[in-house]
Amino acid sequence: MKRGLFILMILLSACAAKPPVQEMSNARSAIKAAQDLPGSSQKSEVYLKSAETALEEAAEAIRLEHYETARGKALEAKRNAQAAARIKQSTKQ
Numbered sequence: 001m002k003r004g005l006f007i008l009m010i011l012l013s014a015c016a017a018k019p020p021v022q023e024m025s026n027a028r029s030a031i032k033a034a035q036d037l038p039g040s041s042q043k044s045e046v047y048l049k050s051a052e053t054a055l056e057e058a059a060e061a062i063r064l065e066h067y068e069t070a071r072g073k074a075l076e077a078k079r080n081a082q083a084a085a086r087i088k089q090s091t092k093q
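Under our numbering, the first residue of the sequence shown carries the number 1, and numbering increases by one thereafter.
No lab work stands behind these hints: they were computed from the structure.
Keep in mind it's a predicted model, so treat the numbers as computed, not measured.
Each residue gets a CB set at the ideal place from its N, CA and C atoms; glycine is no exception.
There could be a bad hint or two in this list.
DSBU-like, lysine-lysine: derived pairs with alpha carbons at most 30 angstroms apart [claimed, not checked]:
1. Lys32 x Lys43
2. Lys32 x Lys49
3. Lys18 x Lys32
Simulated restraints on C-beta separations [said to hold, decoys possible]:
4. Ile10 x Thr69: 20 to 26 angstroms
5. Pro38 x Phe6: 54 to 60 angstroms
6. Thr91 x His66: 32 to 38 angstroms
7. Pro38 x Gly4: 27 to 33 angstroms
Sequences are here, hints too, so could you generate the full structure?
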């Protein structure tokens with residue numbers, strides 16, 4: 001019983017200990033898309049800077065092997081980049 005539980009714990013920890021590669025890629029793409037949109041406002045620039053900062057923090061968390069923190073920061077970066085893009089698009093109209 002103890003051996004089975006030990007093996008299960010190892011397998012579960014192996015699954016959880018993976019770098020958030022897809023989330024990082026999605027965040028980078030969202031930032032690039034927001035940067036490429038024409039126009040700018042103070043509010044969109046704040047969101048874009050926040051996205052870039054969160055992405056840098058995610059990269060540092062990956063370096064430290066804090067993958068859950070990195071995942072959260074990558075998702076934050078994507079959300080902020082998408083907000084910047086929405087603001088840029090709304091001011092364009």
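Going down the list of hints, with the structure as the test:
{"no.": "1", "hint": "Lys32 x Lys43", "result": "17 angstroms, holds"}
{"no.": "2", "hint": "Lys32 x Lys49", "result": "12 angstroms, holds"}
{"no.": "3", "hint": "Lys18 x Lys32", "result": "25 angstroms, holds"}
{"no.": "4", "hint": "Ile10 x Thr69: 20 to 26 angstroms", "result": "22 angstroms, holds"}
{"no.": "5", "hint": "Pro38 x Phe6: 54 to 60 angstroms", "result": "57 angstroms, holds"}
{"no.": "6", "hint": "Thr91 x His66: 32 to 38 angstroms", "result": "36 angstroms, holds"}
{"no.": "7", "hint": "Pro38 x Gly4: 27 to 33 angstroms", "result": "59 angstroms, violated"}
Going down the numbered hints, you'll see the structure goes against just number 7.
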